[in-house]
Each structure stands twice: as structure tokens, then as C-alpha cells.
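Go by the hints and put chains E, Y and U onto chain G.
There are 4 protein chains.
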Amino acid sequence: MLVVMKVDASDTEIEAVCAAIRGLGYEPHSMPGEQRTAVCITGNKGPVDKDRLSQLEGVREVIPVSKPYKLVSLETKNERTIVDVRGEPIGGQVLTLIAGPCSVETEDRTMAIAEGLCGMGVKFFRAGAYKPRTSPYAFQGLEEEGLRILAKVRDELGLRIVTEVLSEETLSAVAEVADVLQIGARNMQNTALLKKVGKCTLPVLLKRGASATLEELLMAGEYIMAGGNHQVVFCERGIRAFGDHVRNTLDVSAIAAVKELSHLPVLGDPSHAAGKRNLVPPLARAAVAAGADGLLIEVHTDPSTAWSDGAQTLELGVFQRLAEELRRYRETFGPAPSETHAS
Amino acid sequence: MLVVMKVDASDTEIEAVCAAIRGLGYEPHSMPGEQRTAVCITGNKGPVDKDRLSQLEGVREVIPVSKPYKLVSLETKNERTIVDVRGEPIGGQVLTLIAGPCSVETEDRTMAIAEGLCGMGVKFFRAGAYKPRTSPYAFQGLEEEGLRILAKVRDELGLRIVTEVLSEETLSAVAEVADVLQIGARNMQNTALLKKVGKCTLPVLLKRGASATLEELLMAGEYIMAGGNHQVVFCERGIRAFGDHVRNTLDVSAIAAVKELSHLPVLGDPSHAAGKRNLVPPLARAAVAAGADGLLIEVHTDPSTAWSDGAQTLELGVFQRLAEELRRYRETFGPAPSETHAS
Amino acid sequence: MLVVMKVDASDTEIEAVCAAIRGLGYEPHSMPGEQRTAVCITGNKGPVDKDRLSQLEGVREVIPVSKPYKLVSLETKNERTIVDVRGEPIGGQVLTLIAGPCSVETEDRTMAIAEGLCGMGVKFFRAGAYKPRTSPYAFQGLEEEGLRILAKVRDELGLRIVTEVLSEETLSAVAEVADVLQIGARNMQNTALLKKVGKCTLPVLLKRGASATLEELLMAGEYIMAGGNHQVVFCERGIRAFGDHVRNTLDVSAIAAVKELSHLPVLGDPSHAAGKRNLVPPLARAAVAAGADGLLIEVHTDPSTAWSDGAQTLELGVFQRLAEELRRYRETFGPAPSETHAS
Amino acid sequence: MLVVMKVDASDTEIEAVCAAIRGLGYEPHSMPGEQRTAVCITGNKGPVDKDRLSQLEGVREVIPVSKPYKLVSLETKNERTIVDVRGEPIGGQVLTLIAGPCSVETEDRTMAIAEGLCGMGVKFFRAGAYKPRTSPYAFQGLEEEGLRILAKVRDELGLRIVTEVLSEETLSAVAEVADVLQIGARNMQNTALLKKVGKCTLPVLLKRGASATLEELLMAGEYIMAGGNHQVVFCERGIRAFGDHVRNTLDVSAIAAVKELSHLPVLGDPSHAAGKRNLVPPLARAAVAAGADGLLIEVHTDPSTAWSDGAQTLELGVFQRLAEELRRYRETFGPAPSETHAS
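Protein chains in written order, with this note's numbering: chain G, 1 to 343; chain E, 344 to 686; chain Y, 687 to 1029; chain U, 1030 to 1372.
Among the clues, some could well be false.
Said to hold, decoys possible - Simulated pairs of lysine to aspartate or glutamate, EDC-like, Cα-Cα distance not exceeding 20 Å:
#1 LYS753/Y x GLU34/G
#2 LYS1035/U x GLU603/E
#3 LYS756/Y x ASP587/E
#4 LYS885/Y x ASP1273/U
#5 LYS67/G x ASP1273/U
#6 LYS1099/U x ASP351/E
#7 LYS70/G x GLU215/G
To be verified - The following label-pair restraints were derived from C-beta to C-beta distances:
#8 GLU358/E x GLU1056/U: 55 to 61 Å
#9 GLU324/G x GLY1346/U: 15 to 21 Å
#10 GLY1187/U x GLN35/G: 47 to 53 Å
#11 SER696/Y x GLY1346/U: 22 to 28 Å
#12 GLU801/Y x GLY386/E: 25 to 31 Å
#13 PRO407/E x MET120/G: 55 to 61 Å
#14 ASP302/G x ILE1092/U: 26 to 32 Å
Unchecked claim - Partner residues aside, some chain E positions facing chain Y, computed with beta carbon under 7 Å:
#15 THR592
#16 SER596
#17 GLY634
No wet-lab data here; the hints were simulated from the structure. All figures in this text were calculated on a predicted structure; none of them were measured in a lab. Here a beta-carbon is modelled for each residue, glycine too, at the ideal position from N, C-alpha and C.
Isolated chain G, as found in the complex:
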């Protein structure tokens, strides 16, 4: 932590800052510069409370030096985490493809999609039984009936189920069916829910909020890990920016940067970023090229009649060609950690 004094800060004010630092149990180091004085702090084991110091007379700015996240940090655990989902990895050499419709639909339609994906070697099935919708009048998901259908997909086809949990109250019901609990972008800072999934034994797929900084994303992961659940997978699904050519702006640099900051796996979600089908393949390729450990993609046997998000959903055959291309890319070029290229 560095406390930057105003140009006209008096000696008394500087001394008061040093005294306050000592009062917090740390050691101040006053550094008089040509224009102004800065006071460095040492001796702190964790983050120093910035607020206390920033309010003292004569202080211009307080600049934190340490990052606030620990458990998620690659500096803490200098080894890539591979999350195991009933024998299938997320992270490491393999490119993980998680595919399926936006919502669970009828049993027949859902099974048809799941069988199609199974036949292509997909191991993870995504579909929402509980849907977070902007409008209260929009379809909110099949709820319990949706969970029943997902259980059937899991039991009959062996697919690993990735499905969103929207509420503390339905968490236990969802957890009985899910292999991976998904926290959506809208709930990334729903701390009550984060604490609760932190007590679960299932892996958690945590989507980045539409305007979350990387630090906020990593701290949301820290909430889950601090609760005892160390199986966290991040997912970049596009941020809210000013452009109107996509639904959300896929921030591929976030994928690369999370790989530099954290040992946890990170996925990309090109479907929610694109918002329209044509842009899904290029965004999928870009996410993988940026270093994503896998993708979440919306796929349907008949996207034009999908119950939600149809416009951004790929038809099964299109997905198959894309999946083959992406796997071939991964085999040819590897997971490409930026470290090996940039040093």
C-alpha cells in the first residue's frame, strides 16, 4: 500500500499518516519526492483497509499494491487445477465442449438433442431448468419437470449435466441432478448464493457478470473457494459495452488474463456473447485461440423452434463441424499457454 500525499501536505499531516499506519500495526516509510511525499507501508500480512487512510488530512490517494484474492491466485498455487467431473476433466490438455439447448424443453426434444450430442462424443450437456429472464412474463423454465428430464439425460446417456442454479431455495434440488452447478452472470455477485455453493461438493461454473472486472470475477471465485469448494471454473460470456453488433462483447483478453492470474480453468461462451448464430463460430474459434479450456455452446436439433435463445443457437450439424474443427485446432496447436510464447 502506498499513501500519496498532496503537494502542499504539511509535515504534521505526513506524521499523522505515519502514526495512523503504526496504529494499524504496520510500518510506515516516508519517501519525500521532488513534488510530494509518498508513504509506503510494510509489515501487513493481508490487504490494508484503504478507507481509513484515504480520509486523513493531506492525503491525495491511496494505492493498493497487493491483490485481494488468494486462493484463486496462480501466485498462491502455481499449478493448473484440473476439475474432475465424474471422470471427465475441465482444464489441462483437453478442450471441453459443453453443449445443449438454452432451456430444457419437452422430454422428447431434449433427449433427441442429447442423443445427437452424445453421438458426436460430447461429454457435457447444458440446459436450464430454471431460467433468469429479463421479463417476468417470459418463459421461466420447466423447473422441477426440467430437473427430472435432465436426470434422465444423465442416467440414460451418461452425459454430465451443467445447469444453472438461480436460488438458494432450489439449490438442493438442482444439486441432486447437476454434475456442475452454474452461477449465471446476473448472480455473479449474489454473495448469499456464492456462499451456499461454496459449501457444496459439486464443481461450480461461475460466469463473469456483464460489467464485472477481472478482480471482481476472481473475488467471486474466492467466495466459493473460501467456503471450502475448490472446484471452480470461470466462464467469459461477454461484457456490456456500447456496441450494438452483438448482444455482449466477448472479452477474449479476459480469458488470456485469467490464465495468467489464476490456476483455475476458464471457458468461453460464444453463444450469449454473439446473440446471433452467424457470429457464434468465429467467436468460438477466437475464445479457443485465446486459450480457453473449453466452450459453452447452445445447440438444438431445430433452433428455429427453440423455446428460448433460438437466434443464437446452432443446429446440431453446424455444431458438429465446428466441434471437429476446434478439436483439430487444439490437437495441432495445444492449449498454448501464453507463457511459452511471450517470454
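Only chains E, Y and U this time, still in chain G's reference frame:
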């Protein structure tokens, strides 16, 4: 709803769009233009599902015409709602000031602040018993003990309590103490919580999410009203933008625009927007000048020792001078609905 | 400047950083912390080149401490600048209103607007002879003919002319007519033009770019002052954010923050921010309440036939009522420097 | 164009809108809906002036249907443009790599970098003789001396020179040396400069402004094409968003979307987006995977002593490995137009 065809769309494609519209129970009106054809839709009572049509061959774009919100809309109810909180209004002629510390602190400190505010004629007390923090290691609020202290503030001083509810599970406990349930920016799209407060009989103060469009904010209010709770108050507390001179960018135009779109009251929160004390008074003035029905402001007897958000908290005496100025402004200039000035 | 080392930085790496700092002529101060070492730099008279140090082995981050702007800074000149425009001030006690149509139109129409404004006591007339338009096919302004009409407004009515300069080549022609040279948001970082107006003797009204940070805005002002022209007036006209309820998001906090950082005057432009007439009055009030030294407002005798920006242009009578209200506000409450309220 | 009336618009108001449309020479089609009336416009050859109609009584919103760009549009010219630069293509099957230092440095250093790149088969050399810097006190480029050195690179090594033009006044000098004129992000809406390069015979590399929408980018290209210069190449270099993990957020979806909207080539600039070296390779891969026709990359023999932007500059050897990987990717997977995959 307007379906815009591609320049090279064939007659067959146009006819297929018309047929699909008829299939949805509406009436298509094909409008051949110089460059391309557009198809207007009439006969719909509510929003048309955009996704179905946007995926048809030859369609370039689907443009919605109607807004999706109803109950919150000034077009639906052309009369300003005044929310009554135990005899004190939010909305209408009066400027509502909701003040207090960020967090409930010790009983003594909290009572001291509350008494100070009471003495200035403030009717609403804000303080969090449950705090949503970015870090799991930061102070999370006094929780039940905080609620007990708030009950004392309410019972002994008569102040109306505005406090945040973070979780479905603690809602009933919070509701026993609160006069107004606050939904924070991080939970604006926590639909499970929105549905739940929609079933409560207490007024709800709904803060705009950091990257929520006005439509999303209004739709979040619609969730609450659709549940049966019509006492909703919006609050603009700053959006996430690229600037680093404030914590959040107070979007005063949102205040003015909500007044044009909705009959519900809207407040401003200059404290969370500013992030530092010096900028709170100018932002408070700007919010009121833009037409806010009131303000949420963090106030403390000794901000430099506040348990959270101290840097943006006003000292009681500073708040008093500001409050007097703002009330004088309101008496002089009135609530200034933009309608009266712009026509 | 503070150089933050990685957790696992070696002593050799730290020593190399210190050596590099000494090589730049400054003094390094190594500060070993619990987790990592930071190296403070003293002895520098101006900003240190961040790039050189950030690339050394073992360095995690380089954090600048000093601000890069000097001449525009309130720390450099601790006295408010009042820009004099032929006897009329911008800055200080008076609220400056700069009004007129978006574009110069026919001589008759332009004179009619100018006379109307003159009759209300307005001293500054704004209208573009050269217009920066998004489309090459849109009206680009009357150009030389527009300048001739502006000269007539100036000579016959005595109004001070504020008009935009778009190009190095037309600068001298514009400067013959203008009392204040306006640099538009699109050209805020057109450094060639900034350098050129820095050599002029006319005051410059510098609009904030749609995505400029305050530091970039201040540095653009620094370009002009460094050229020798110290009569700079900033103008906040809205930033590009994700919202679609306005054309640009008026950042009133920028107005208040510029007043804290710089001695130069700052105006607000509610017309370009709002993008529609109804929202202009509330944004105008908010800008003044946040501390703006004045406003730029689009006004026309008949907005519905204005040649450009008609939708956001106020009719003369509406403007008159607003102007009276704003002047009354200013007389009642003063320029309200945040300092007096927040300390 | 579609004019949406307010819910309570009167028949007289609707008729006035129709009359106004007829007055503009177009044909109105009134479409009464359940809630409100919309009026479609046909008969227009180009964009209708939105402003005139949006101001009429009873109008809620005016929604444009046609896009304002023509010459750049893939709907106008349904064939990919390949820009020829002295025999080397930009666009088409080949991946174009444009590499070199941020600024032209001394003749020796610049020649050394250029020779290194030449040896790797690079055909395009980038380096700025005129630099747009945020600070007036930062190095502004070697200017004429820089042009002389670039001419030497061109003449001795045959490299095609891509260099930025900052000013109308230096355009002719730059054009004598450059093979491709670069317009930087800060000048994307410097319409005076756009018009001037529109009269040149050299290809223009047009960078997207930090907060430009795709429509604004395409319209800036339209300015150049409307002037007669049809050799325009777009470049995505990152947008300004809220994140602090990169200098600019590389919007790979813009690359894919420009390919869908325009026939012109589009490049990516991972260096300015990343802002730091480690993230350049993943962003380079992502841009190519999203469909970019090539890349602009900052490369230096000794980045740690580069005169500007060193932190984001790749060392020659690192660049070579990256370039080989990217070329191999392109050979394996092709230019991957999204069309072939998404239909």
C-alpha cells in the same frame, strides 16, 4: 414489430415470413421499399417473440416497437405513484432524504448517528445489517445483531428503516425490522429475490445494476409489481463506465428518463456513485436538479472510523448543511417535472 | 513511481530494477514486504517512463504516482482562471450561457435566432459553419458562407461567437470570425489541431471526447496551454456508455472532478448529451448544480425545421424560461465549489 | 423508416405525421395496432431525415430501417475487395502481417528491425514518424527524419511502408514515403483528414476509434470511398471498456461482424489492445481465428529500450514463432468466412 428483409430476399422468403406471422396469430403487412421489403405486424396484444422470426431465411433484422414493461409504465398508469412509508411519502412534492451509515455499527454509535439525523428532521434511516462485499474476507455486516439495533432505532426514534436484503433466507427476518426493503445493485437481476419481495407487503427500494439498461431496471420493477407488490421505488446509484475519477458514473439522465417512462418514484445515491466524500455534495445537487424524488446518503458522526465506505461518508454537520440547501432548492424550484418545461 | 515486484522475484531481479532506476538518474528505495518487494522512486522532476521499468524481469506492475498534467492543474496554479471573451467572463461568479442553433442556417433564420437570444441577455452565440457529421452524405455546414453570417451576428448584435474548427486548413478563416474556437469531441485528440490552436490568441472551448478519461481531457488542454494559449475552457458533453435512453451519458461527476483538479472553467452541454428535447432541461439543471461554469445549449426559433440536431434543440421560449430558472438558481446558491461543503 | 406513435396519439397527430411524410416526397402507410399506431415509410431512395419526424406531436420514436452506408457495404458490392499494395494483397487467402516498432527510431536500429522482419518473409513494415501521444511532453516522433528512414527501408529492402498520418499539413510528405496511409483511432472521425485521404491514390488503413460503433467505423470508411479512394482496410485495435486488465478491449466480434457487413478487408491490432507483451500472442491468435485478414504487430530487436510502447512490443524471435504459428493456422483452416459455417 417490424421484420426487415435482406436486399436480396426472394418473394418466397417474404411469403414465408408472412405465413409465420399468421401462424403466430397476427397479421402481416408487407411493405415493399426501394431497396428492400419490410413486414409490419399488427394484431398482437403483447410482445411478439422476436427470436422465431429473426431466424427465417432472408430476414435481416427484427425491430420491436412495443416496450415490454406494463405495470411500471406511465403509459399504463398516467398518475404519479406516491409510496407511503408509515405516513411519510416517497414521491410527490417532498424531497425524501434517507441517511445513515453504510453498515450498522455498535448500538451506541448507531444510535448516536440516528439521533443526530432525527434532530435534523430526517425521517428515513439507512444502514446495512447484511453487506454485499466484493471480498469474502471483508466485514459482512452485523447480521441478526444489526437487525436488533435497527429495530431499536425504529422503536425509540420512530425513524423509518431502509435496509438491504441479500438473501431469500434472511428476507423474513429483515422484513420484521425494515420499513423499506432495499435490493442492491448486485442483486437487481436476482429474479428469485425479486419474486420473493414481490410477495411482501413492504415497499421495495430497487437499485439499478451497474450495467443495467433502463429497460432492464424497469423490467426488474415489473417483476416485483407482477408479484403483487406495487410499492416500488427506483434508485440510480451510478453505472460502470471507463472513468476512474469516481467509483461509479452517476447517470442523472436515467433519473430524468425514468420520470418520463414510469409513474414510480426514483431516488439518487450520490455516495456510491462518488466513492469519495468531496464529490458527494455536487452529485447530490445534480440528482435533485435532474428530478430525483429524494436521495440515499451515507452519513456518520465520525466517517474516518466508519466500518465500511468511510471515504464516501459525510460527517453529520456537512450533511446537515447539504440537506438544508437541497430542501431550500426543492421549495424554491419544485419537483420540476421535465414535461412542464420542454413542451 | 512505484515498482511492484512479483512474489517470487529474486534478489538479482530486484537489484536489476534498482540499477535501472539509478540509470535513469533517480533514486530507488527497496521496500521488502511480507509477500513481495516494492521499489519506490524518488529524485524525479517529471513523470518517469513507465515502459522501461515494467519490462524488467520479476516486475509485476509499475504504478505512477504523479499526475502527468501541470499547466492545467489546480496544484500548479491555485487560483481559478476566468477567461475573458471581449469583456464577458467564462468562469467565476457568473453563469455563462452559450446558445444558438446547431448549424448556421440562412442569414434570415440565423439573425432571427440571434436577435431573440440577444433580447434575453444572452452574450454568447453558438452555431457551426463547419459540421462534423457521421455520414459524408449529411449536410456538412455552410462553410465560408456560414462564417460570413456569423460575422454579421457578431458585428450587428455584438454577440460573442463560439464556433467549431474542424481542420487545420480552415483554422485561420474561422479565427477571423470566432471569439471562442471550439474543438469538438471527435477531435479532442487531434493533436495537430490542438497544437495549432495552442498558437492562437483566441480562447479555446475543448469538448471531452466520448470515451476520454479525465486525464486525457486534461492532457488535451495541456497540449493547448503548452503551446502558449492559456485560455482553455473544458466542456462535458456526455460519454459513450451502454444506455440507449440518451445519445450520450452526461457525466456530471466529471464537471465536479475537473473543478477539483484544474483551475480552468468547465461547461456542460446538455443538448448533445440528451439527444432529445425533453431531457435537455433536467440535464441543464444537473450540470449547473454539479458546479458547471455555464452551458452550451442548442436553441432555435423553429426546432422542427432545424437543419441539424432539431430533435434536441429547444424552442426560444422554452430556453428563456430555463435560462431564467438557472440564473435564479445561481444567484440563490452561488457557484458552490465543492470544497466549501465537503471539508 | 418506421414512425411509432404514442399510445394516446390522436387521429389528427397521426394524420399530421402522414402529411409530413408526403411533404418529404415519400409515401406513408398507417398501421393501427392494438396498443398504438405505427406509420411505415416507403418510396425513399436514401435515408430519411429522422429528426424532422421525431419532433412531431404524438410521435414516440422513429426507427430507421436502412443502413446509412453504401459503398462499403457487402450488400452493394457482393464480392470481397483485395487491396493491392505494390503486388502484395491485403484480403483474400493470404494472412497479412504488418510488423515493426511503434516509432521510427535511429536509422541503424530501424534498419536492423526491418532486416530481421524481411528475413522472416514479412512484406509490410509499420513504424510511426509522427506519433499521437496523450502528453505534449512525450516523444512526438522523428517527423521528417523518420520519413527519410522509412524511405530507406522501402527502397533498400522493398518492404511496404504502413505509417500514420496525423495532420492535413503533413499528408503530402507522408504520402511520398508510405505505401499505406494509416489513420489512427484518435482521428477516425477527423472528417477533414478522411476527406483528404479520400482524394489520395494510396490505400488507407483505418483504425476503429476507441468508442466507435461499427456503423461509425463503416461511415468513416464511407467518407474515404465517397472521396474516390476505394482502397480501404479496417482495423480493430480494442475499444475502451471498464476493464483494467488490458489497455483496450479487443472486440473480436467486430472483426467477424465487419466481414458480414462489408466487402473490405479487416485487420486486428493485438499490440495496442493488450498493452502488455504477454497478452499479445493470445490476442493475435484470437483475431486471426475470428476471421481477420491480417495483423498489425509491434516488434523490436530490443523491446526493453524501445522509444515508445515497449511494454507491448514483441522481441523479433518471439514474433517469428508467433508468425509461423499463425501462418500454419491459416493454411490449415483457411480464411474461414463465417458464412460457410453458420448457414
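Here is what the structure says about each hint:
Simply put, LYS753/Y and GLU34/G have alpha-carbon atoms about 13 Å apart, close enough for the 20 Å limit, and the pair holds. Restraint check for LYS1035/U and GLU603/E: satisfied, since their Cα atoms lie roughly 13 Å apart, inside the 20 Å limit. The straight-line distance between the Cα atoms of LYS756/Y and ASP587/E is roughly 19 Å, inside the 20 Å bound, and the hint therefore holds. As the CA atoms of LYS885/Y and ASP1273/U are separated by approximately 36 Å, the hinted pair breaks the 20 Å bound.
Annotation: proposed proximity of LYS67/G to ASP1273/U holds, straight-line Cα distance about 13 Å (limit 20 Å). For a cut-off of 20 Å, the pair hint linking LYS1099/U to ASP351/E stands: about 15 Å separates their Cα positions. In summary, the hint linking LYS70/G to GLU215/G is supported, as the alpha carbons are separated by about 11 Å, within the 20 Å threshold. In this structure the supplied range 55 to 61 Å is violated for GLU358/E paired with GLU1056/U, their Cβ-Cβ distance being about 22 Å.
About 33 Å separates the C-beta atoms of GLU324/G and GLY1346/U, a value inconsistent with the hinted range of 15 to 21 Å. For GLY1187/U paired with GLN35/G, a C-beta distance near 50 Å keeps the hint of 47 to 53 Å intact. Judged by the Cβ atoms, the range 22 to 28 Å given for SER696/Y and GLY1346/U holds: they are separated by roughly 24 Å. The hinted window of 25 to 31 Å between GLU801/Y and GLY386/E is violated, with their beta carbons roughly 52 Å apart.
Between PRO407/E and MET120/G the Cβ separation comes to about 35 Å, which falls outside the hinted range of 55 to 61 Å. A beta carbon spacing of about 30 Å between ASP302/G and ILE1092/U agrees with the range 26 to 32 Å that was offered as a hint. Satisfaction of the interface hint for THR592/E is found here, the shortest Cβ-Cβ separation to chain Y being roughly 6 Å, below the 7 Å cut-off. For SER596/E, the suggested interface contact is upheld, since its CB lies about 4 Å from the closest CB of chain Y, less than 7 Å.
Checking GLY634/E against chain Y by beta carbon gives a least distance of about 5 Å; that is within 7 Å, so the hint holds.
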